[in-house]
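In the order they appear, the protein sequences are chains R and B.
Per UniProt numbering, the first sequence starts with residue 1, numbered consecutively.
Per UniProt numbering, the second sequence starts with residue 1, numbered consecutively.
Hints should not be assumed to be uniformly reliable.
In this list, chains with the same sequence are indistinguishable; a pair is considered to hold if it fits within one copy or across any two.
Straight-line distance between alpha carbons at most 27 Å, and here's what the computed DSSO-like set of lysine-lysine pairs gives [as the list claims (entries may be wrong)]:
1) Lys195 / Lys94
2) Lys189 / Lys4
3) Lys55 / Lys3
4) Lys90 / Lys71
5) Lys168 / Lys55
6) Lys3 / Lys90
7) Lys103 / Lys195
8) Lys90 / Lys55
9) Lys71 / Lys168
10) Lys103 / Lys4
11) Lys71 / Lys55
12) Lys3 / Lys94
13) Lys90 / Lys4
If you are wondering where the hints come from, they were derived from the structure by calculation, not from laboratory data.
2 protein chains.
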Amino acid sequence: MFKKVLIIEDDAMLRSSIVQTLELEDLEPIPTNGFTQARRSIRHNFRGVILSDIKMPDHDGFDVLRFAQTKDEELPVILLTGHSDVPTAKRAIKEGAYDYLEKPCAPDTMIEALHRALKQRTLIMENREVRDELEQTNSDQTEGTLSERLEMHERRIIEEALSDADGKVAIAAEALGIPRNTLYDRMGKFNIVAKAFRKPTGN
Amino acid sequence: MFKKVLIIEDDAMLRSSIVQTLELEDLEPIPTNGFTQARRSIRHNFRGVILSDIKMPDHDGFDVLRFAQTKDEELPVILLTGHSDVPTAKRAIKEGAYDYLEKPCAPDTMIEALHRALKQRTLIMENREVRDELEQTNSDQTEGTLSERLEMHERRIIEEALSDADGKVAIAAEALGIPRNTLYDRMGKFNIVAKAFRKPTGN
DNA sequence: AAAATTTGTCCGAAATTTCGGGAATTTTTA
DNA sequence: TAAAAATTCCCGAAATTTCGGACAAATTTT
Numbered sequence: 001m002f003k004k005v006l007i008i009e010d011d012a013m014l015r016s017s018i019v020q021t022l023e024l025e026d027l028e029p030i031p032t033n034g035f036t037q038a039r040r041s042i043r044h045n046f047r048g049v050i051l052s053d054i055k056m057p058d059h060d061g062f063d064v065l066r067f068a069q070t071k072d073e074e075l076p077v078i079l080l081t082g083h084s085d086v087p088t089a090k091r092a093i094k095e096g097a098y099d100y101l102e103k104p105c106a107p108d109t110m111i112e113a114l115h116r117a118l119k120q121r122t123l124i125m126e127n128r129e130v131r132d133e134l135e136q137t138n139s140d141q142t143e144g145t146l147s148e149r150l151e152m153h154e155r156r157i158i159e160e161a162l163s164d165a166d167g168k169v170a171i172a173a174e175a176l177g178i179p180r181n182t183l184y185d186r187m188g189k190f191n192i193v194a195k196a197f198r199k200p201t202g203n
Numbered sequence: 001m002f003k004k005v006l007i008i009e010d011d012a013m014l015r016s017s018i019v020q021t022l023e024l025e026d027l028e029p030i031p032t033n034g035f036t037q038a039r040r041s042i043r044h045n046f047r048g049v050i051l052s053d054i055k056m057p058d059h060d061g062f063d064v065l066r067f068a069q070t071k072d073e074e075l076p077v078i079l080l081t082g083h084s085d086v087p088t089a090k091r092a093i094k095e096g097a098y099d100y101l102e103k104p105c106a107p108d109t110m111i112e113a114l115h116r117a118l119k120q121r122t123l124i125m126e127n128r129e130v131r132d133e134l135e136q137t138n139s140d141q142t143e144g145t146l147s148e149r150l151e152m153h154e155r156r157i158i159e160e161a162l163s164d165a166d167g168k169v170a171i172a173a174e175a176l177g178i179p180r181n182t183l184y185d186r187m188g189k190f191n192i193v194a195k196a197f198r199k200p201t202g203n
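Please put together the full structure from these sequences, using the hints given.
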């Protein structure tokens with residue numbers, strides 16, 4: 001599970017207090033004093049969540065939220081808000097903020113919210129990874145001649161076997177259940193050289 | 001996104017109030033009056049989350065939580081708790097509850113928490129689906145003779161082509177770039193009959 | 001109902017693949 | 001360094017695959 005929490009808070013005291021709270025919970029706070037400083041950390045595939053004050057000198061929490069959404073639509077942003085700003089925070093949620101915390105808030109409450117956000121972020125990133133993987137393995141071949149597709153597959157099988165056998169043709173041939181000579185025949189057809197598959201680790 | 005919310009609440013008034021709140025938000029409440037009644041709805045792959053009172057005549061929220069976890073480790077459970085029971089709720093969170101709400105709670109707050117839980121549940125289920133799919137397509141063949149693996153693949157290609165061609169061998173053959181007769185040869189080898197691929201829609 | 005098209009099967013020649021044997025060369029092992 | 005093993009290539013016979021032609025049966029179109 002992810003642990004990074006990008007903290008955007010101009011009040012130095014509060015900021016370090018939050019950092020301490022998170023560190024006690026084995027999270028990884030990344031403290032910043034405002035939007036400008038935080039900006040470069042906010043990027044697609046950020047492996048964590050954002051915890052931002054809503055009211056700051058230069059920019060407000062909405063700036064953070066909007067910027068985060070341009071970088072990654074599914075990057076959870078939790079806003080810290082004073083009691084009088086709760087309606088603002090609710091509006092922020094409608095615009096995609098993940099949650100808000102009313103200042104001052106109990107450490108427990110903050111940790112609970114962060115855990116939920118981090119869990120969601122982890123799930124989102126896992127989802128993306130698995131989907132990418134699926135797309136790759138699925139992009140096998142959907143067009144082309146039967147023989148072209150079969151040759152593509154045969155090449156892959158042979159290369160995989162050679163790779164597993166550390167480039168040793170004899171071993172690969174046995175694994176594939178064919179005589180060495182036959183494998184050489186096939187390799188010749190596909191312009192595969194065994195050397196390319198030797199020494200998978202180091203050199 | 002999922003919308004089901006299994007409500008476990010013995011107080012009929014509060015229960016119907018919650019139902020109304022959820023319906024206004026286009027969610028799908030499933031009201032029950034206690035653990036016994038809810039039990040049969042709690043199952044693996046439930047497409048929603050659980051919202052349960054923590055203090056009830058027959059069983060308490062922990063019973064619900066534990067039972068849910070035996071059915072599905074990743075089924076979010078939100079607990080409704082009186083003010084005096086907040087410490088209990090925090091303990092429940094450590095045991096895997098997703099969140100808790102202090103009674104009486106503002107409809108907005110409840111909806112926000114439910115949305116987060118439903119979003120997480122949706123992500124979890126998507127994750128499972130994609131992983132299953134990946135496992136299937138990945139279980140191609142990692143062992144066996146070269147010819148065995150190639151034949152398996154050839155069979156799949158042919159069946160896919162026939163399926164696309166509505167079981168018409170001539171069309172499938174053209175798509176595969178081979179003469180019709182050759183495809184018949186191959187089909188004979190694999191015991192594939194074209195009829196099996198006809199009429200994919202209706203009859 | 002007749003005509004036209006498609007299906008499914010068989011045949012046989014040409015092309016390709018398989019595979020054992022052999023042998024020169026390189027790499028690894030002892 | 002000597003021996004053992006593996007690589008890479010060539011050959012040729014046996015087996016398999018490809019593919020066009022032909023044709024009866026089944027289906028669809030007209």
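Hints, verified against the model:
1. Lys195 / Lys94: neither (58 Å within a copy, 54 Å between copies)
2. Lys189 / Lys4: The answer is neither: 51 Å in one copy and 58 Å across copies each exceed 27 Å.
3. Lys55 / Lys3: Cα proximity of Lys55 and Lys3: one copy only (25 Å, versus 33 Å across).
4. Lys90 / Lys71: For Lys90 and Lys71, the Cα distance is within 27 Å only inside one copy (22 Å; across copies 34 Å).
5. Lys168 / Lys55: neither (65 Å within a copy, 68 Å between copies)
6. Lys3 / Lys90: both (25 Å within a copy, 21 Å between copies)
7. Lys103 / Lys195: For Lys103 and Lys195, the Cα distance exceeds 27 Å both inside one copy (64 Å) and across copies (70 Å).
8. Lys90 / Lys55: within (14 Å within a copy, 29 Å between copies)
9. Lys71 / Lys168: neither (47 Å within a copy, 49 Å between copies)
10. Lys103 / Lys4: Cα proximity of Lys103 and Lys4: one copy only (21 Å, versus 32 Å across).
11. Lys71 / Lys55: Within one copy only: 21 Å inside a chain, 44 Å across chains, cut-off 27 Å.
12. Lys3 / Lys94: Close inside one copy (25 Å) and across copies (17 Å); limit 27 Å.
13. Lys90 / Lys4: both (24 Å within a copy, 23 Å between copies)
Of the hints listed earlier, those the structure fails to meet are numbers 1, 2, 5, 7, 9, in rising order.
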